[in-house]
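Student: Next come the chains, spelled out residue by residue.
There are 2 protein chains.
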Amino acid sequence: MGIELKQQGSKLQGLSALRAQYEPQIPPALKGGNVKVSKGDNTTAADPSDRLAVSRAYPHTYGQPLVHLVSEDKAAKHSTLRIGVAFCGRQSPGGHNVITGLFDALKSQNADSVLIGFVGGTEGIFAQKTVELTNDHLKDFRNQGGYDLLGRTKDQIKSSQQVNDAKAACEALKLDALVLIGGTGTNTDAAQLAESFLESGCTTKVIGVPVTIDGDLKNQFVETDVGFDTTCKVYSQLISNICTDALSAEKYYYFIRLMGRQASHVSLECALQSQANMVLLGEEVANSKMTLFDVTMQICDAIQARGEQGKNHGVVLLPEGLIESIPEFYALLQEINGLLKQDEDIDVNNISSRLTPWAAALYDFLPIFIKKQLLLDRESDGSVQLSQIETEKLLAQLVDTEMTRRTKAGLYKGKKFNAICHFFGYQARGSLPSNFDCNYAYTLGQTAYYLAQAGLTGYLATVANLKQDVSEWRCGGAPLTAMMSVKRWLRGPGVSQIGKPAVHRTKVDLKGKPYELLTQKASSWLMDDLYRNPGPIQYAGAGADLKTITLLAEDNDYIGKVQELCAYLDKVKEIVKPGCPGEVLKAALCSMASVTEILTVMSAPSFRGRTPF
Amino acid sequence: MGIELKQQGSKLQGLSALRAQYEPQIPPALKGGNVKVSKGDNTTAADPSDRLAVSRAYPHTYGQPLVHLVSEDKAAKHSTLRIGVAFCGRQSPGGHNVITGLFDALKSQNADSVLIGFVGGTEGIFAQKTVELTNDHLKDFRNQGGYDLLGRTKDQIKSSQQVNDAKAACEALKLDALVLIGGTGTNTDAAQLAESFLESGCTTKVIGVPVTIDGDLKNQFVETDVGFDTTCKVYSQLISNICTDALSAEKYYYFIRLMGRQASHVSLECALQSQANMVLLGEEVANSKMTLFDVTMQICDAIQARGEQGKNHGVVLLPEGLIESIPEFYALLQEINGLLKQDEDIDVNNISSRLTPWAAALYDFLPIFIKKQLLLDRESDGSVQLSQIETEKLLAQLVDTEMTRRTKAGLYKGKKFNAICHFFGYQARGSLPSNFDCNYAYTLGQTAYYLAQAGLTGYLATVANLKQDVSEWRCGGAPLTAMMSVKRWLRGPGVSQIGKPAVHRTKVDLKGKPYELLTQKASSWLMDDLYRNPGPIQYAGAGADLKTITLLAEDNDYIGKVQELCAYLDKVKEIVKPGCPGEVLKAALCSMASVTEILTVMSAPSFRGRTPF
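Residue numbers (this note's numbering), protein chains in the order written: chain A, 5 to 617; chain B, 5 to 617.
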């Protein structure tokens with residue numbers, strides 16, 4: 005069913021109109037338009053203990069090779085392709101540019117090729133609500149925020165009915181490829197569709213593109229996600245404004261909860277950008293098994309220490325996932341999730357008796373607004389609606405109670421604690437994307453086209469070496485199965501012990517460079533108000549091409565290193581060619597035996613530490 | 005007591021550092037540094053019926069002339085001056101530039117002149133907490149947001165004890181002038197200090213500068229306030245992001261409350277910038293005497309009409325002052341204010357019995373969170389803490405109830421109403437100021453210096469013709485008494501019937517051009533989602549010098565028109581010089597008699613309409 009796209013009634017104005025004229029930068033490999041997809045080594049799942057499970061679940065798509073895009077001298081005429089595209093995850097700045105990049109590459113290679121947009125995301129796929137995209141549709145959406153070109157609905161293609169509907173759509177529309185735009189959930193779906201389509205003889209290829217503000221689709225192949233850069237910059241601007249406000253009025257503590265789902269990448273980046281007084285990363289709390297009481301005391305101790313220096317203001321950042329990271333809350337939420345699955349008749353009044361005594365004790369202790377929020381409808385993936393749980397208000401209230409107690413007991417002599425709470429979420433998702441996100445998304449869109457054109461399926465479009473200039477970016481594709489793992493340690497009634505293989509959200513690495521930057525500075529930022537204001541996103545002039553601190557700090561370019569290693573191996577082969585001196589061969593043999601031994605030990609399942617989240 | 009300024013520990017980084025290097029633009033009159041203060045006509049109070057009251061309360065400062073700054077050819081050496089400066093109002097982007105402008109003008113005229121900053125605003129004045137400002141202090145605060153150079157405390161210099169403390173400070177510090185930075189309250193205080201100082205023989209002159217995000221210190225002499233431009237731009241960026249989000253997900257209604265105190269200028273500007281679906285201006289609601297029920301129904305009718313077009317999303321803007329504009333709320337708040345003044349033992353449980361039956365009925369109807377918020381401590385001027393009253397949640401809840409009722413009654417067939425509530429306040433006040441605010445504030449700071457240097461007191465520094473390029477701006481000063489009026493119609497127990505003369509907040513003019521722009525477009529914006537995204541504030545490139553729509557739409561330049569009128573009068577005199585033909589004299593006489601008659605009627609107190617707010 006081809007439908008009319010809703011007209012964006014207004015012509016773009018002002019900065020939006022200017023941005024629509026911006027030409028995204030692309031790396032050299034894509035520039036000439038003569039692009040070859042070159043195959044590299046075959047892949048495996050990162051964790052050896054998951055390899056069997058992943059290969060069994062994905063027999064057709066497991067183990068495919070990495071691929072790289074390289075420019076070719078000779079032009080090859082591309083055959084006519086029909087490609088479908090849908091926004092499956094949540095709004096993330098830059099999403100539109102994936103589509104414009106895909107469109108421009110497709111049309112530049114063959115003007116008869118067709119890009120079909122699914123209107124309303126996954127539900128648009130199931131219902132075959134489509135529109136054939138033209139330059140006219142796209143012109144007002146180039147470099148613009150939001151997903152309003154096509155809209156979106158739910159995040160999941162999960163049931164076999166939905167998989168069948170998607171297949172029927174691809175077949176009815178004669179799609180050569182389907183490109184799905186989203187985060188971990190969407191890309192797990194993409195892998196599942198690719199596998200099912202191969203299994204059932206459907207010829208449509210499936211390609212995923214990493215787009216999520218949460219920044220948690222992150223692994224050896226993916227350095228960051230489209231939208232993370234913009235969103236963190238918008239939040240950081242606001243946090244910094246509030247830091248300045250706090251320092252000017254010197255009477256409030258601001259508790260700011262930040263969007264970002266279960267992982268705390270957004271909060272970490274915003275802390276590094278704004279240098280706010282305190283950030284409580286979910287990963288830290290989970291790792292040190294801090295209770296709600298511990299978290300409260302940690303904040304109170306900080307307020308007391310600042311009070312002793314005459315400082316009665318401050319800014320505390322909280323990731324929305326914090327609440328799930330507090331062990332007793334995690335347990336409570338798992339129990340509630342289980343009960344909600346079994347029975348819809350749960351409410352604030354009757355739930356306590358159905359919980360374990362430990363969970364019930366915590367639930368009964370909570371203020372009524374949190375009690376209600378914990379029982380709200382679940383997300384489509386069954387998880388809690390983190391955006392709706394006002395953790396910042398809960399903590400502000402607990403801290404207030406404790407500071408009052410300390411004051412009465414004569415332990416705290418500073419001014420009365422005054423909190424102002426904020427949740428920064430929706431006000432960044434629709435932002436005009438930064439130059440970085442415009443370029444990255446557009447490059448990914450073009451890359452997705454070339455992967456589809458090469459007949460690959462079950463791949464994620466990737467761009468490596470992002471912290472360097474665009475001229476050094478490297479485009480390619482990585483099999484989604486190579487990013488999969490299997491979650492264990494799920495708990496609570498109604499939850500299975502071992503999950504299916506999936507592309508999971510990557511948490512903040514507590515051994516990583518960005519977190520190290522934070523811990524080095526945390527105590528001076530806490531006490532000395534070294535606030536930093538990155539200001540609003542700039543599109544021209546100095547600062548317009550700044551990247552996130554997280555991206556710049558991280559030791560990325562996994563693929564570059566794989567290539568470097570291959571060069572070493574080739575060099576060894578070259579040196580020890582038959583005819584080489586015996587002692588050289590002996591030295592090579594001895595060294596390689598040692599390397600192999602070390603790597604074997606390091607790669608054994610028992611060697612690898614794991615955390616329950 | 006000279007004190008050490010707290011060190012801003014961090015050197016500025018990134019965009020903040022770049023901004024510190026920005027050189028604000030100033031109009032030609034200030035450029036050479038040879039500036040003359042030229043006196044114009046004497047002034048009067050705008051409303052004839054207030055003239056007697058104002059002239060009695062301000063016998064020494066009433067009726068002073070307008071003054072204009074003009075550049076002179078010859079340089080005059082300025083004597084050494086000691087000037088004090090304080091942030092008295094709330095944080096507003098650009099406040100620091102008033103100080104840097106003042107400092108640069110003062111030092112350029114005489115390097116021995118001294119600028120003394122009061123640390124902690126009004127309380128710093130009373131306690132004589134001072135710091136002699138140097139270029140070293142200022143360099144990290146040039147073109148930066150916040151008030152953290154000096155900080156601030158309360159908004160008021162009110163009691164005679166406080167006036168005496170301020171006088172003692174000015175005398176002890178041998179100040180030639182005191183410059184107060186703030187909005188209507190601060191500038192009423194400035195007028196009061198100027199009058200009291202003259203009365204008691206204190207030689208310190210007092211100059212005010214119009215700085216408030218609320219944009220409500222606005223009259224014939226003041227076209228806009230420092231900070232309004234930046235704040236509206238930050239809010240509009242976020243509102244537009246949310247509009248984009250709403251249009252992408254198509255499932256939420258966003259209720260966004262905006263800071264701006266009793267007047268709705270901020271909400272009006274943000275509505276014009278973002279073209280959100282709906283804005284409820286306090287002035288409209290008050291003018292049409294809409295009840296809480298009416299407001300709720302108006303929103304519900306809009307949601308229903310949109311639902312019938314298949315639209316289940318939208319963005320509704322609410323000024324924080326809305327609640328005071330609803331007549332029954334206004335009456336309730338006045339009663340509560342009266343009770344709080346008389347008796348501190350009021351709480352949620354015992355208040356109903358002390359209210360009139362009408363007020364009690366409304367109070368009892370409200371949800372508990374609003375009940376509590378209505379009883380919070382009052383502002384220093386006795387008004388409600390509007391920032392703490394979650395009107396957006398109250399309305400979302402009432403709308404939800406009504407939409408559920410309509411659904412059950414079969415009147416509404418759209419998707420379930422889902423609201424997400426936001427309050428945008430503190431996240432803009434500390435923003436890096438826009439180029440406009442940097443230039444305007446810096447120009448005002450320089451102007452304040454020249455007014456002080458000319459020995460004027462009880463004046464507000466003004467810059468006219470702001471909608472034109474800086475090269476056409478005109479600097480001057482207007483007596484604060486000329487902006488004063490007397491509020492009548494206060495009500496409730498413990499409130500006097502007639503207030504003192506004061507510089508009052510100017511409400512949105514429902515006959516003005518900006519409001520007309522809104523009403524022309526309101527119905528298409530409501531139904532057609534013509535959202536506009538102005539994007540983040542830019543400092544370089546196209547769009548960096550955009551001004552607010554309000555400023556551009558308004559018919560400003562009152563002072564220019566006064567000058568134009570004077571030119572007409574002079575021309576008439578010129579034409580009818582003795583010796584002119586009799587019929588020319590006769591025509592002039594006849595025309596002037598008619599003009600005079602019309603103006604006399606128009607200026608009579610009975611002619612001027614008044615609203616009770």
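For the record, the hints were derived by calculation from the structure and aren't laboratory data.
You may find that some hints are simply not true.
[What the hints assert, rightly or not] Reference excerpt, derived from the structure (chain A facing chain B, CB under 8 Å, subset only):
#1 Gly18
#2 Ala115
#3 Leu251
#4 Asn353
#5 Asn354
#6 Phe369
#7 Gln431
#8 Gly539
#9 Gly547
#10 Asp549
[What the hints assert, rightly or not] Here are the computed distance ranges between Cβ atoms for each label pair:
#11 A:Glu27 to B:Leu556: 26 to 32 Å
#12 B:Gly503 to A:Glu312: 50 to 56 Å
#13 B:Arg409 to A:Ser83: 37 to 43 Å
#14 B:Glu578 to A:Lys143: 56 to 62 Å
#15 A:Ser528 to B:Leu556: 42 to 48 Å
#16 B:Gly314 to A:Asp116: 54 to 60 Å
#17 B:Lys565 to A:Glu136: 53 to 59 Å
#18 B:Lys517 to A:Asp347: 33 to 39 Å
#19 A:Phe373 to B:Ser112: 55 to 61 Å
#20 A:Phe373 to B:Ser387: 23 to 29 Å
#21 B:Asn354 to A:Ala364: 33 to 39 Å
#22 A:Thr138 to B:Ala365: 56 to 62 Å
#23 B:Gly503 to A:Ser387: 53 to 59 Å
[Claimed, not checked] The calculated DSS-like cross-link candidates involving lysine-lysine, where the alpha carbons are at most 27 Å apart (straight line), are:
#24 B:Lys293 to A:Lys345
#25 B:Lys412 to A:Lys376
#26 A:Lys35 to A:Lys143
#27 A:Lys162 to A:Lys133
#28 A:Lys133 to B:Lys417
#29 A:Lys397 to B:Lys412
#30 A:Lys504 to A:Lys345
#31 A:Lys133 to B:Lys419
#32 B:Lys293 to B:Lys35
Small disclaimer: the values here were computed from a predicted structure and weren't measured.
All C-beta atoms in this analysis are idealised placements derived from N, C-alpha and C, irrespective of residue type, glycine included.
Student: None of the hints should be skipped; say for each whether it holds.
Tutor: Against the structure, the hints:
1. Gly18: holds, 6 Å
2. Ala115: The hint is violated - Ala115 (chain A) has no Cβ within 8 Å of chain B, the shortest such distance being about 30 Å.
3. Leu251: At 4 Å from the nearest chain B Cβ, Leu251 (chain A) passes the 8 Å test, so the hint holds.
4. Asn353: violated, 18 Å
5. Asn354: This hint is violated: Asn354 (chain A) lies away from chain B, its Cβ roughly 22 Å from the closest one there, beyond 8 Å.
6. Phe369: Because about 20 Å separates Phe369 (chain A) from the closest Cβ in chain B, which is outside the 8 Å limit, the hint is violated.
7. Gln431: holds, 4 Å
8. Gly539: Holds. Min distance 4 Å.
9. Gly547: Cβ of Gly547 (chain A) sits 5 Å from chain B, so the hint holds.
10. Asp549: Interface hint status for Asp549 (chain A): violated (12 Å vs cutoff 8 Å).
11. A:Glu27 to B:Leu556: 26 to 32 Å: holds, 31 Å
12. B:Gly503 to A:Glu312: 50 to 56 Å: Violated, since Gly503 (chain B) and Glu312 (chain A) (Cβ atoms, about 44 Å apart) do not stay within the stated range.
13. B:Arg409 to A:Ser83: 37 to 43 Å: violated, 59 Å
14. B:Glu578 to A:Lys143: 56 to 62 Å: Cβ of Glu578 (chain B) to Cβ of Lys143 (chain A): about 59 Å, so the range 56 to 62 Å holds.
15. A:Ser528 to B:Leu556: 42 to 48 Å: holds, 45 Å
16. B:Gly314 to A:Asp116: 54 to 60 Å: violated, 34 Å
17. B:Lys565 to A:Glu136: 53 to 59 Å: holds, 58 Å
18. B:Lys517 to A:Asp347: 33 to 39 Å: violated, 60 Å
19. A:Phe373 to B:Ser112: 55 to 61 Å: Holds, since Phe373 (chain A) and Ser112 (chain B) (Cβ atoms, about 57 Å apart) stay within the stated range.
20. A:Phe373 to B:Ser387: 23 to 29 Å: Given a distance of about 28 Å, which is inside 23 to 29 Å, the answer is holds.
21. B:Asn354 to A:Ala364: 33 to 39 Å: holds, 35 Å
22. A:Thr138 to B:Ala365: 56 to 62 Å: This hint holds: roughly 60 Å between Cβ atoms.
23. B:Gly503 to A:Ser387: 53 to 59 Å: Hint holds: Cβ distance 56 Å, inside 53 to 59 Å.
24. B:Lys293 to A:Lys345: Judged against 27 Å, a Cα distance of about 49 Å means the pair is violated.
25. B:Lys412 to A:Lys376: Between Lys412 (chain B) and Lys376 (chain A) the Cα gap is close to 24 Å, so the pair holds against 27 Å.
26. A:Lys35 to A:Lys143: Roughly 21 Å between the alpha carbons, so the hint for Lys35 (chain A) and Lys143 (chain A) holds.
27. A:Lys162 to A:Lys133: holds, 19 Å
28. A:Lys133 to B:Lys417: Judged against 27 Å, a Cα distance of about 23 Å means the pair holds.
29. A:Lys397 to B:Lys412: Cα-Cα ~34 Å, so violated.
30. A:Lys504 to A:Lys345: Given that 27 Å is the threshold and the Cα spacing comes to 18 Å, the pair holds.
31. A:Lys133 to B:Lys419: Since the Cα atoms of Lys133 (chain A) and Lys419 (chain B) sit roughly 19 Å apart, the hinted pair holds (cutoff 27 Å).
32. B:Lys293 to B:Lys35: Outside the cut-off at roughly 50 Å; violated.
When each numbered hint is compared with the structure, violations occur for hints 2, 4, 5, 6, 10, 12, 13, 16, 18, 24, 29, 32.
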